[in-house]
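*Asks:* If you want the building blocks of each chain, they are given just below.
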Amino acid sequence: MAVAVTPDHPAARSVSAQHFVRLKLRVLGNGFRGQARRIVLFVFGLLAGLWAGAGGFLLFAAPGMLDEPRYAMMAAAFGGGLLVFGWLVLPLVFFGVDETLDPARFALLPLSRRTLVTGLFAAALISVPALAALLAVSGLVLSAAALGGPVAALVALVGAAGGLLLCVAASRAVTSAFATMLRSRRVRDLAAVLLAVVAALFGPLQLAATAALRETDWDRLTGAATVVGWTPFGAPWTAAFDVVDGRAWAAPVKLLITAASVGLVLWWWSRSLESAMVGAASSGPAKARRGAPTGAVAEFFPRVVGRLRRDRFGALVARECRYWWRDARRRANLISIAVVGVFVPVMVNLGGGGFRMSSEEGFAATGDPSPILVGVSMLFVGVLASVTTANQFGFDGSAYAANVVAGVPGRLELRARMTAFSLYVVPLLAVVSVLIPVVLGEPGWIGMAGGTLLAAYGCGLAVNSFISVLASYSLPETSNPFAMNTGAGVARSLLVLLSMVVTAVAALPMVVAAAFLDGGWLWLVLPVGVAYGLGAALLGAYLAGDVLDRRQPELLATVTPRR
Amino acid sequence: MTGEHPALALRGLAKRFDSKVAVAGVDLDVPAGSFYGLLGPNGAGKTTTLSMAVGLLRPDHGRAWVLGQDVWADPVRAKALLGVMPDGVRLFDRLSGAELLAYHGLLRGMDPAVVDQRAAELLDVLALTDAGRTLVVDYSAGMKKKIGLACALLHGPGLLVLDEPFEAVDPVSAALIRDILQRYVTGGGTVVFSSHVMEVVERLCSHVAILADGVIKRVGALDEVRGDRSLEEVFVAVVGGRTATGEELAWLSR
Chain X
5 MAVAVTPDHP
15 AARSVSAQHF
25 VRLKLRVLGN
35 GFRGQARRIV
45 LFVFGLLAGL
55 WAGAGGFLLF
65 AAPGMLDEPR
75 YAMMAAAFGG
85 GLLVFGWLVL
95 PLVFFGVDET
105 LDPARFALLP
115 LSRRTLVTGL
125 FAAALISVPA
135 LAALLAVSGL
145 VLSAAALGGP
155 VAALVALVGA
165 AGGLLLCVAA
175 SRAVTSAFAT
185 MLRSRRVRDL
195 AAVLLAVVAA
205 LFGPLQLAAT
215 AALRETDWDR
225 LTGAATVVGW
235 TPFGAPWTAA
245 FDVVDGRAWA
255 APVKLLITAA
265 SVGLVLWWWS
275 RSLESAMVGA
285 ASSGPAKARR
295 GAPTGAVAEF
305 FPRVVGRLRR
315 DRFGALVARE
325 CRYWWRDARR
335 RANLISIAVV
345 GVFVPVMVNL
355 GGGGFRMSSE
365 EGFAATGDPS
375 PILVGVSMLF
385 VGVLASVTTA
395 NQFGFDGSAY
405 AANVVAGVPG
415 RLELRARMTA
425 FSLYVVPLLA
435 VVSVLIPVVL
445 GEPGWIGMAG
455 GTLLAAYGCG
465 LAVNSFISVL
475 ASYSLPETSN
485 PFAMNTGAGV
495 ARSLLVLLSM
505 VVTAVAALPM
515 VVAAAFLDGG
525 WLWLVLPVGV
535 AYGLGAALLG
545 AYLAGDVLDR
555 RQPELLATVT
565 PRR
Chain V
30 MTGEHPALAL
40 RGLAKRFDSK
50 VAVAGVDLDV
60 PAGSFYGLLG
70 PNGAGKTTTL
80 SMAVGLLRPD
90 HGRAWVLGQD
100 VWADPVRAKA
110 LLGVMPDGVR
120 LFDRLSGAEL
130 LAYHGLLRGM
140 DPAVVDQRAA
150 ELLDVLALTD
160 AGRTLVVDYS
170 AGMKKKIGLA
180 CALLHGPGLL
190 VLDEPFEAVD
200 PVSAALIRDI
210 LQRYVTGGGT
220 VVFSSHVMEV
230 VERLCSHVAI
240 LADGVIKRVG
250 ALDEVRGDRS
260 LEEVFVAVVG
270 GRTATGEELA
280 WLSR
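Those protein sequences? They're chains X and V, same order as listed.
The first sequence begins at 5 in the numbering used here and counts up one residue at a time.
The second sequence begins at 30 in the numbering used here and counts up one residue at a time.
I should point out that these hints are in silico values taken from the structure, not numbers from a laboratory.
It should be emphasised that the depicted structure is a prediction, and the values quoted were computed from it without experimental measurement.
Take the hints with a grain of salt, since some may be wrong.
Far from chain X, some chain V residues (derived; all Cβ distances over 12 Å) [stated by the list, open to error]: (1) Ser-125; (2) Ile-209; (3) Arg-247; (4) Ala-266.
These stretches of chain X come out as covered by chain V in the derived footprint (C-beta under 8 Å, 3 or more residues) [as the list claims (entries may be wrong)]: (5) 310-320; (6) 396-403.
Far from chain V, some chain X residues (derived; all Cβ distances over 10 Å) [stated by the list, open to error]: (7) Arg-41; (8) Ala-52; (9) Pro-154; (10) Val-409; (11) Ala-410; (12) Leu-530.
Glycine included, C-beta positions come from ideal geometry on N, C-alpha and C.
Working from the sequences, and respecting the hints, build out all of it.
*Replies:* Below, the structure written as structure tokens:
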């Protein structure tokens, strides 16, 4: 007896964005049920968000409060532009997106694409970062009201709301698009390069900004603000200050730019949503070429580790090696390391040490690069690179059961994971530690840079071994490598922060040592740093491995996604 | 394998999740050389029980022995004797079938030459050779079960514990899996598997246990449990299902 659906059924009630919002709140609420730890984390995240929002609020409101219309346009254009840019890039590079409502779950429901996109969009607005941004940009309204009266305030209100929508929509669209690309076998490498380029834009932007600030050439800066104000990055925020400056005609145009951008971005998002729901791009044609009759074991070992012994350690390293490349989630992390590893030291050393724009010299380094600054930036890169392993078991998910069933000793497991990860990261770190001193014109510092970097990296591996064994969390089983579970964002940020602080403290002696050495003695840091890092990593694997032996089943339970 | 120990012995295994009791004290003796079916409705605690029996989930109370080795006191020796196929658990599925087998074999400390030879044989027998270098993530459900079974068999364990080996498997693959398991038992191995497909259990098993609400309701040799009724009748009677009166869901008929 088939159930026939006839058109004369009572008309289905239409689904509105409100339903999605309620669904998200309900899912959030249920996630907290009986999970005190999660509630604490959420409150912590909320407070952190409010704190950041309040800071932004002060920045945006200050020109109005101090009655400085000159700064108002600039704060709106640059501050607001940075906000949009941050929403675009940070989810890709660092934070991921909260995918409480996974689009794939809606695939079977009879919802039009428009309903789905509006609904998911409305649900995406319910988040702590969006709340923080709302708080921050409300400063603009205050500023506009103080400078230009109620009309300007109204324009600012509309602009700020539009800008916020733009931020959220853009971050969703970009992560969704990149997720689609990273999943597809054909274009994933292209996506990696694109991502690197986008993130690398930070460097030059920061250089230009510091150079501009040093010049304190108000005309040029105001000019730049005007230009930014006409792009989608600045338009929503600056419209009100055009009213203040008496260019009332510009306000509607800028609001129109904002609205058009939001529409465009949502359209883009809806396109990639479809593929996320159907999973069209997920697999692509698999490479079904027959393996040469060399045998399973030979096929299993990647060429890089071809010389390893064919034993348990070798198997673990080979599997991790394959996974760092084949798992989109891990690959996204590797790319982030590559990007951050190159542009942070460049920023710190060149941006901070100073570049100035001058008519006769062009772009030139000024000020003396300092070995301590280089050391600290290397420390930071090492810390950042190793922090990726803080949730190394979370990447495996329930597949980790295989290792538990096989009874892999904890120390062996951790050493193998360190080895495989280092195969990718250490060459990169080596490049960074040679590149930065050479760019600074101080090749004599290569030893110091490399030593500090590797020491920090080794300490980081040790610290993160503990964190991964004690505080791993499960990742959602979606095809979006940027997706996070509800509340996991806060947990992750806290853990990352903790691990970074501890690692930095552990590796600090290297920087201190470097401060007391100069000339050829700086090379001494290299062997000492390598030994320090290696020793720390091995000690970490030794101690954390013991803990892992005792809590393998518990670790498996924490990394298994709740179904 | 040694005759004096049961292949799997469970004593008072219990587990509670938050406020819900998943397993409330399970005692079970699986004789060596038996083909043991663990039956139960959804949510009865089958997966929880088997996870605790093989060292994947720490029990709140109770102990488990595999061929005389205590799983929780001496996991290394117990796990060496075990082959496990957990249910719904992702394999390391970004590897091809051959790679996955090589990983499992080496992880068990096997000689690479033996791994190569057995992997080729298993892939051949399970009709997975054609998949070539397709990653396991792209396998069909049946193929995933088969490669999972191959991973559990590879090191020649004395006891094979399978969670829902016939779930979502087409009849052809199911027949193949049945055949291999029967050969394994004939060769002296012991199989414990969970299922709620009566027909398969009735055809394969020498012993069954019916689990419901976290406790064993019936246990023993198949004929003892079944008596003169069909296994399905016994099962429904034990578990306490409801029968439709025909009054409800009237809107389904038109």
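*Asks:* Hint by hint, say whether it matches the structure.
*Replies:* Now the hints, each set against the structure:
Taking the minimum C-beta to C-beta distance to chain X, about 7 Å, the non-interface status of Ser-125/V is violated against the 12 Å cut. The Cβ of Ile-209/V lies farther than 12 Å from every Cβ of chain X, with a closest approach of about 18 Å, so its non-interface assignment holds. Against the 12 Å criterion, Arg-247/V stays outside the reach of chain X, whose nearest CB is about 29 Å from its own CB. Listed as outside the interface, Ala-266/V is consistent with that label: its C-beta sits roughly 28 Å from the nearest C-beta of chain X, beyond the 12 Å cut-off.
Check result for the segment 310-320 of chain X against chain V: holds, 6 residues qualifying (beta carbon to beta carbon below 8 Å, three or more required). As drawn, the segment 396-403 of chain X meets chain V at 4 residues by the rule of a beta-carbon pair under 8 Å; at three or more, the given contact holds. Distance check on Arg-41/X: its Cβ is at least 13 Å (rounded) from any Cβ of chain V, clearing the 10 Å threshold; non-interface status holds. Remark: the non-interface label on Ala-52/X is consistent with the geometry, its nearest Cβ contact in chain V lying 28 Å away (cut-off 10 Å).
At the 10 Å boundary, the C-beta of Pro-154/X stays outside the reach of chain V, the nearest C-beta of that chain being 54 Å off. Separation of Val-409/X from chain V is inadequate, the least Cβ-Cβ distance of about 5 Å not exceeding the 10 Å criterion. Not every CB of chain V is more than 10 Å from the CB of Ala-410/X (nearest about 4 Å), against its label as outside the interface. Residue-level check passed: Leu-530/X sits 35 Å from the nearest beta carbon of chain V, beyond 10 Å.
The structure does not agree with the numbered hints 1, 10 and 11 stated previously, though it agrees with the rest.
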